[in-house]
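2 protein chains.
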Amino acid sequence: MSSAKDIADDVRVLAFDIFGTVVDWHGSIAREVQAIAPRVDGDAFARAWRAGYKPAMARVMAGEQGWTLIDDLHRQILDSLLPQFGLDRLDEAQRRQLNRAWHRLDAWPDSVEGLTRLKRHYTICTLSNGNIGLLTDMAKRAGLPWDCVLSAEVFRAYKPDPATYLGVARVFDLRPDEVMLVAAHHDDLAGARACGLRTAYIERPLEFGAAHIKDVSPQPGNDLHAASLTALADQLGC
Amino acid sequence: MSSAKDIADDVRVLAFDIFGTVVDWHGSIAREVQAIAPRVDGDAFARAWRAGYKPAMARVMAGEQGWTLIDDLHRQILDSLLPQFGLDRLDEAQRRQLNRAWHRLDAWPDSVEGLTRLKRHYTICTLSNGNIGLLTDMAKRAGLPWDCVLSAEVFRAYKPDPATYLGVARVFDLRPDEVMLVAAHHDDLAGARACGLRTAYIERPLEFGAAHIKDVSPQPGNDLHAASLTALADQLGC
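Protein sequence lines, in the order shown, are assigned to chains C and G.
Each position in the first sequence, counted from 1, maps to that position plus 1128 in our numbering.
Each position in the second sequence, counted from 1, maps to that position plus 1128 in our numbering.
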């Protein structure tokens, strides 16, 4: 593990995972579904919707389905999920509106301040499987001050495909070790590390809600480990 | 021509041409080359470099050269241009540094204020043939507050290919007439109009320098015609 000082000097671009790392998908989705269906278990609904996400991307990457934006994958999962929650009555307009909840996720309380501080010293960009429109709408609503919105949509591959991590370095004409992925998920960070990027783990114990506290203890291999984005800014001297 | 009020109500995304429309490539390039070679005619050098741009893109679109980022096209043109200006002595590091001048173009005096006001009511994005890294570096230096950086690089086609204009509408899941292209070039605006986008012409009489005043008189077909980005914000009630 390099020192935070070495990393602060070498890194030029910070690329951020979004769902769970910068924004609270669980709390936001639970709130949105309960707003239209107060008797639905918002916690279970949010976790079920999110659980469909990796299998859906895997089907695309296996070639069972052509290249698909996350908005459309979210909608496919939503349609398959509604009957289990007694929500088959939702009409097309309501389904569209609920699906757009992923464009309206709330930031974690430290995100705007942390990103604003980090932006003074680094180029900060998204690196999310979410599509560009989703990420742009989210940033505008939540005040996330990205220098640039990068997405699986730009590289036509989802994380952890190396095309995504190496794509960020190529976009900015940098070596991979001049880019750091910031994420709350060890599998994402491992994918970035395998491509030569630096990595910073962010603790998000509440990612799956207060009833399902996530183990956020440090794992070997990451360059940095921080409790929040403001704590990351502290470590990098921003 | 629709009324400005109708357009203000219907349009959701403003997509901006960059070189000449938002930033002053002529003045910036002339200044940069004169900083390293005071005896070079900065005006002639800037215009010659820029003049190589459309033919270079045409070679790529004709399949004579594979897909190429603008940074690399700029470098090819630069290398071919240096002998004419007595600058063949520039070494690799100096050429790289000069080529990056396109990342350091100054904004026109009204751009930051105009964009900031327009951003309150619309999603504002770039739609430039410049690559993402170039546009991001430029925005960070000049303080251009984009919601999103879109580029030929995302669509793997240069303007005026319809894939670029329609690509913006698709990214944001909008109809073409909910997107307005803002540009100082009639050919770019005509390409957008042919795809169903709204168009706003911006007067930039000094685009080619004070010695080569550009005719900026209105032409039929554009929805709006404004003297600057702040004037455009006035027209749209921002």
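Calculated directly from the structure, the hints in this document are not laboratory data.
Computed from a prediction, not measured in an experiment: that's the story for all the values here.
Warning: the hint list may mix true and false statements.
Unchecked claim - Straight line, CA to CA, 30 angstroms or less: simulated DSS-like cross-link-like pairs of lysine-lysine:
(1) G:Lys1247 <-> G:Lys1342
(2) C:Lys1268 <-> G:Lys1247
(3) C:Lys1133 <-> G:Lys1268
Unchecked claim - Chain C stretches covered by chain G per the calculated footprint, using a threshold of three residues with CB under 8 angstroms from any CB of chain G:
(4) 1230-1242
(5) 1298-1304
We treat Cβ as the ideally placed atom computed from N, Cα and C, and that holds for glycine.
Results for each hint:
{"no.": "1", "hint": "G:Lys1247 <-> G:Lys1342", "in the structure": "holds, 28 angstroms"}
{"no.": "2", "hint": "C:Lys1268 <-> G:Lys1247", "in the structure": "holds, 9 angstroms"}
{"no.": "3", "hint": "C:Lys1133 <-> G:Lys1268", "in the structure": "holds, 24 angstroms"}
{"no.": "4", "hint": "1230-1242", "in the structure": "violated (count 0)"}
{"no.": "5", "hint": "1298-1304", "in the structure": "holds (count 3)"}
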